[in-house]
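Asks: Each protein sequence line maps, in turn, to chains Y and R.
Just so we're aligned, residue 1 is where the first sequence starts under the working numbering, counting upward by one.
Just so we're aligned, residue 332 is where the second sequence starts under the working numbering, counting upward by one.
It cannot be assumed that every hint is accurate.
Claimed, not checked - Here are the simulated DSSO-like cross-link-like pairs (lysine-lysine), alpha carbons at most 30 Å apart as the crow flies: (1) Y:Lys138 to R:Lys349; (2) R:Lys426 to Y:Lys95; (3) Y:Lys91 to R:Lys618; (4) R:Lys426 to Y:Lys22; (5) R:Lys532 to Y:Lys95; (6) Y:Lys18 to R:Lys469; (7) R:Lys359 to Y:Lys215; (8) Y:Lys18 to R:Lys426.
Said to hold, decoys possible - Distance ranges between label pairs, derived from CB positions: (9) R:Phe448 to Y:Arg178: 39 to 47 Å; (10) Y:Ser159 to R:Arg509: 49 to 57 Å; (11) R:Gly393 to Y:Asp43: 54 to 62 Å; (12) R:Arg509 to Y:Leu262: 37 to 45 Å; (13) Y:His141 to R:Arg509: 32 to 40 Å; (14) R:Gly393 to Y:Arg327: 50 to 58 Å; (15) Y:Pro37 to R:Lys406: 38 to 46 Å; (16) Y:Asp189 to R:Glu513: 14 to 22 Å; (17) Y:Asp119 to R:Glu413: 47 to 55 Å; (18) R:Asn419 to Y:Asn88: 42 to 50 Å.
What the hints assert, rightly or not - Residues from chain R that face chain Y, not an exhaustive set, calculated with beta carbons under 8 Å: (19) Ile417; (20) Phe424; (21) Asp463; (22) Asp520; (23) Gly523; (24) Arg524; (25) Cys528; (26) Val577; (27) Ile581; (28) Val662.
Hints in this document: simulated from the structure, not taken from any laboratory.
Note that beta-carbon positions come from the ideal geometry of N, C-alpha and C, so glycine has one too.
Protein chains: 2
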Amino acid sequence: MSELRQDPTTYDWVIIAKERAKRPHEFKQSEALITPPPLHSKDCPFCPQNESMTPPAEAVYGTPDDWKIRVVPNKFAALTPEGDTIRNEWKLFRKSHGYGRHEVVIETPVHNQYIPFMDDVQVENLIKAYRDRYNALKKDHNIKIIIIFKNHGWAAGTSLEHPHTQIVASPIVPPFIRRRYEIATQHFDNTGRCLYCDLLKSELEASERTIAERKFFAALHPFASHYPFETWIMPRMHSSCFGNIVDIEIEELAPLLKEILLKLYISLGNPDYNLIIHTAPVDDERKTYYLWHIQIIPRLTLAAGFELGSGIYINTAMPEATAAFMRDVEV
Amino acid sequence: MSELRQDPTTYDWVIIAKERAKRPHEFKQSEALITPPPLHSKDCPFCPQNESMTPPAEAVYGTPDDWKIRVVPNKFAALTPEGDTIRNEWKLFRKSHGYGRHEVVIETPVHNQYIPFMDDVQVENLIKAYRDRYNALKKDHNIKIIIIFKNHGWAAGTSLEHPHTQIVASPIVPPFIRRRYEIATQHFDNTGRCLYCDLLKSELEASERTIAERKFFAALHPFASHYPFETWIMPRMHSSCFGNIVDIEIEELAPLLKEILLKLYISLGNPDYNLIIHTAPVDDERKTYYLWHIQIIPRLTLAAGFELGSGIYINTAMPEATAAFMRDVEV
Numbered sequence: 001m002s003e004l005r006q007d008p009t010t011y012d013w014v015i016i017a018k019e020r021a022k023r024p025h026e027f028k029q030s031e032a033l034i035t036p037p038p039l040h041s042k043d044c045p046f047c048p049q050n051e052s053m054t055p056p057a058e059a060v061y062g063t064p065d066d067w068k069i070r071v072v073p074n075k076f077a078a079l080t081p082e083g084d085t086i087r088n089e090w091k092l093f094r095k096s097h098g099y100g101r102h103e104v105v106i107e108t109p110v111h112n113q114y115i116p117f118m119d120d121v122q123v124e125n126l127i128k129a130y131r132d133r134y135n136a137l138k139k140d141h142n143i144k145i146i147i148i149f150k151n152h153g154w155a156a157g158t159s160l161e162h163p164h165t166q167i168v169a170s171p172i173v174p175p176f177i178r179r180r181y182e183i184a185t186q187h188f189d190n191t192g193r194c195l196y197c198d199l200l201k202s203e204l205e206a207s208e209r210t211i212a213e214r215k216f217f218a219a220l221h222p223f224a225s226h227y228p229f230e231t232w233i234m235p236r237m238h239s240s241c242f243g244n245i246v247d248i249e250i251e252e253l254a255p256l257l258k259e260i261l262l263k264l265y266i267s268l269g270n271p272d273y274n275l276i277i278h279t280a281p282v283d284d285e286r287k288t289y290y291l292w293h294i295q296i297i298p299r300l301t302l303a304a305g306f307e308l309g310s311g312i313y314i315n316t317a318m319p320e321a322t323a324a325f326m327r328d329v330e331v
Numbered sequence: 332m333s334e335l336r337q338d339p340t341t342y343d344w345v346i347i348a349k350e351r352a353k354r355p356h357e358f359k360q361s362e363a364l365i366t367p368p369p370l371h372s373k374d375c376p377f378c379p380q381n382e383s384m385t386p387p388a389e390a391v392y393g394t395p396d397d398w399k400i401r402v403v404p405n406k407f408a409a410l411t412p413e414g415d416t417i418r419n420e421w422k423l424f425r426k427s428h429g430y431g432r433h434e435v436v437i438e439t440p441v442h443n444q445y446i447p448f449m450d451d452v453q454v455e456n457l458i459k460a461y462r463d464r465y466n467a468l469k470k471d472h473n474i475k476i477i478i479i480f481k482n483h484g485w486a487a488g489t490s491l492e493h494p495h496t497q498i499v500a501s502p503i504v505p506p507f508i509r510r511r512y513e514i515a516t517q518h519f520d521n522t523g524r525c526l527y528c529d530l531l532k533s534e535l536e537a538s539e540r541t542i543a544e545r546k547f548f549a550a551l552h553p554f555a556s557h558y559p560f561e562t563w564i565m566p567r568m569h570s571s572c573f574g575n576i577v578d579i580e581i582e583e584l585a586p587l588l589k590e591i592l593l594k595l596y597i598s599l600g601n602p603d604y605n606l607i608i609h610t611a612p613v614d615d616e617r618k619t620y621y622l623w624h625i626q627i628i629p630r631l632t633l634a635a636g637f638e639l640g641s642g643i644y645i646n647t648a649m650p651e652a653t654a655a656f657m658r659d660v661e662v
C-alpha cells in the first residue's frame with residue numbers, strides 16, 4: 001500500500017509509492033551516459049577568451065584577465081530592466097511589461113569543473129557572489145523577489161554545460177511563494193514560532209531523513225519529498241533572507257554543499273539536477289515566519305498528467321531509504 | 332521586451348518571452364524522431380490476446396472476445412482501495428494510507444491507433460467510458476476528486492505506447508485544486524457569475540486565441556498559456572462536473588477532440604503530450620463556480636529551476652501566434 005504524505009510548508013500531498021519504490025541504488029544512471037566535457041571549449045560563451053560572447057559583466061571576481069567568477073546579464077533574458085511595472089487589464093486578462101533582471105553567474109573559468117570538484121574557497125566565493133548580487137539587485141525598489149537557481153544538465157533545462165547559476169529578479173511575488181508565506185504566517189500566529197524552524201527541529205528529532213548536521217546547517221530528505229533524492233539544506237539559526245548570510249556560515253555551507261553534491265554525483269552518476277535558493281520576498285525579509293533554504297531536485301523522473309492535473313506528486317523513492325543511502329556514500 | 336501575464340483561474344504569472352519566442356512552425360519535431368509503432372505487439376499488456384497480463388477488467392465495451400475499450404485496474408497503482416483514509420500525525424508530519432483507485436482505460440485494441448485516427452464512434456465511446464468510470468468511482472464516499480488524464484509519449488511520462496488513459500480517484504482534494512475553487516468562488520461571490528464562463532466569453536470576444544467554436548464547445552490557447560501550444564477545450568454551457576456530460580455533447584466533442592489532436596499531430600510531428608480533464612471535487616459538483624474542461628499540454632519544453640522555484644512559467648511561444656497557426660492547419 002502506498003502512503004499519502006502532506007508537505008507542512010505548502011499543504012501539498014505526495015504519494016510515496018512504497019511497493020513501486022525503487023531502492024536507492026537503482027536510480028543510478030549507467031556510466032555510458034556520462035561523457036566528461038573538456039576543460040575548455042572554444043565555442044562556449046562562458047569560457048575564458050570568449051568574454052565578448054556575453055554582454056559586459058556586472059561583476060567580476062579575480063582580475064579581468066584571470067577571473068574566477070563572472071556575473072553577466074543573461075543574453076536571452078526572461079525579464080529586462082525596461083519599461084514599467086504597471087498592470088494593464090482588459091476584462092479578466094491582466095498583464096505587464098516583463099520588467100526585471102536576469103543574470104548568469106559563471107561559476108568558474110574551467111568548462112568542466114562542477115561544484116563538488118572546486119576547492120572550498122571557490123565555492124565560498126561563489127556563495128558570496130550570490131549574496132552580493134542578491135543585495136545589489138534588491139536595491140531596485142521595483143524588485144519584490146529574487147530567485148537564485150541552477151540548472152545542471154539537459155533534463156534540468158540547461159543548454160550550456162559550462163557551470164553556471166542564474167538569478168532572476170522579479171517585480172511580482174507569485175502565488176507559489178505567497179502561499180508558503182501564508183501557511184508560515186498562520187503557523188507563527190498560532191504558535192509564535194517559525195514553521196521551518198519547527199520543521200527542522202522535528203526532522204532532526206526523527207533523524208531518519210537527516211543526512212548531515214553541522215553547527216549552522218543541516219541537510220535532509222524531507223518527509224514529503226516530491227522527488228526521489230530531493231535534498232534540502234536548511235540554516236539552523238533563524239534567518240528568512242539569504243542576503244543576510246554571514247561569512248562564518250558560508251565557510252561551513254561551502255564544504256557541506258560540495259559534499260551533498262558529490263554524494264549525489266557518486267550515487268546517481270552525475271545526475272541532472274536543479275538547485276534553488278528559496279528566500280523571503282524582499283519586503284518580507286524582516287519577518288520571522290520564513291527560513292531561507294536550499295532545495296536540490298535531481299531530475300530522475302518526469303511529471304506526468306497526474307502531477308500536472310492535480311499537483312499531487314508520485315515519489316517512487318522512500319526519503320528514509322534515500323537519506324540512509326546518502327549518509328553511507330563515502331566521499 | 333517580454334510580457335508578464337496572469338492566469339485568471341490561478342493568479343499564477345507566466346512570462347511570455349516574446350523576443351525569444353519561436354515561431355509556431357519551429358516547434359515541429361523532425362520526422363526522423365517518429366517511428367510508427369506496429370498494429371499489434373506481442374509483448375504489450377494492452378493488446379488483444381494479452382488480456383491475462385492485466386488485472387481482471389472493471390468494464391469492457393464490445394464483447395470479451397472482440398472488445399473495443401477495456402478498463403482495468405492499474406497493475407502499478409498509485410492508490411488502492413485498501414485500509415482507511417484516517418490521517419496520522421506526528422508533530423508537523425501528517426500522513427495516511429494511499430487509499431483510492433487507479434484505473435487504466437485501454438482506448439482501442441489497435442496498438443498504434445491514436446485518437447485522431449480512430450473513427451468518431453470509437454472516440455464517442457471512449458468519452459462515454461470516461462463518464463461511466465467517473466460516475467462509478469464516485470459512488471465510494473471516501474473519494475473526493477477524480478482525475479482523468481492521458482500521458483502520450485515518453486516526455487509526457489508514459490512507458491507504454493499502446494493508447495491508454497488513466498483515472499485516479501483520490502480521497503484528498505489537493506491545494507492545487509482547492510485554490511482554483513477559492514478563486515472561482517470569490518469571483519462568483521463578487522459577480523454572481525462563473526469565472527470560467529466569463530473567461531470563455533472574453534476569449535471568444537477577443538477571438539485571437541480561439542481555434543474552434545462549436546455549439547457546445549470551444550477550443551483555444553489561453554491568454555496566460557503556461558506552455559507552447561497549451562490547448563483548452565471548454566464547454567459553452569455551464570457545467571462543473573464532467574460526469575454530467577450528455578450524449579449530444581459527446582457527439583460534438585469527439586470529432587472536435589480528434590481535430591485538435593490531429594492539428595497538434597500534424598503541426599508538431601506527433602508530439603508527446605498530456606491531456607487532463609479538470610472537473611469539480613465530487614462534493615462540489617452542484618456548485619456553480621467551476622466549469623469542467625480539457626487541458627492539453629504538448630511536452631515541448633522542460634520546467635527548469637526557475638519554474639520549480641517560483642511557479643512562474645516561461646512560455647517561449649505567443650498563444651496568439653500558435654492559435655492562428657492551429658486554425659490554419661488543414662485536417
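Asks: If I claimed the Cβ atoms of Asn419 of chain R and Asn88 of chain Y lie 42 to 50 Å apart, would that claim hold in this structure?
Replies: Given about 49 Å between the Cβ atoms, the range holds.
Asks: Phe448 of chain R and Arg178 of chain Y, beta-carbon distance inside 39 to 47 Å?
Replies: With a Cβ separation near 45 Å, Phe448 of chain R and Arg178 of chain Y satisfy 39 to 47 Å, so the hint holds.
Asks: Do the beta carbons of Arg509 of chain R and Leu262 of chain Y sit within 37 to 45 Å of each other?
Replies: Holds, since Arg509 of chain R and Leu262 of chain Y (Cβ atoms, about 40 Å apart) stay within the stated range.
Asks: Starting from the hint 14 to 22 Å, judge whether the C-beta atoms of Asp189 of chain Y and Glu513 of chain R obey it.
Replies: Given about 19 Å between the Cβ atoms, the range holds.
Asks: Can the restraint linking Lys532 of chain R and Lys95 of chain Y be considered satisfied, given a maximum Cα separation of 30 Å?
Replies: With Cα atoms ~18 Å apart, Lys532 of chain R and Lys95 of chain Y stay inside 30 Å; holds.
Asks: Does the Cβ pair Gly393 of chain R, Asp43 of chain Y satisfy 54 to 62 Å?
Replies: holds (57 Å)
Asks: Could one say that the CB atoms of Asp119 of chain Y and Glu413 of chain R fall in the range 47 to 55 Å?
Replies: For Glu413 of chain R against Asp119 of chain Y, whose Cβ atoms are near 53 Å apart, the range 47 to 55 Å holds.
Asks: Let's test the interface hint: is any C-beta of chain Y closer than 8 Å to that of Ile417 of chain R?
Replies: This interface hint is violated because 11 Å lies over the 8 Å limit.
Asks: For a C-alpha distance cap of 30 Å, please report whether Lys18 of chain Y and Lys469 of chain R respect it.
Replies: holds (25 Å)
Asks: With respect to the beta-carbon atoms only, verify the hint that Gly393 of chain R and Arg327 of chain Y lie 50 to 58 Å apart.
Replies: Given a distance of about 54 Å, which is inside 50 to 58 Å, the answer is holds.
Asks: Tell me if the interface restraint on Gly523 of chain R is satisfied: Cβ within less than 8 Å of some Cβ in chain Y.
Replies: It is violated, given that the least Cβ distance between Gly523 of chain R and chain Y is near 15 Å, above 8 Å.
Asks: Between Lys91 of chain Y and Lys618 of chain R, is the straight-line Cα distance small enough, at 30 Å or below?
Replies: holds (23 Å)
The structure shown violates the earlier hints numbered 2, 7, 10, 19, 21, 22, 23, 24, 25, 26, 27 and 28.
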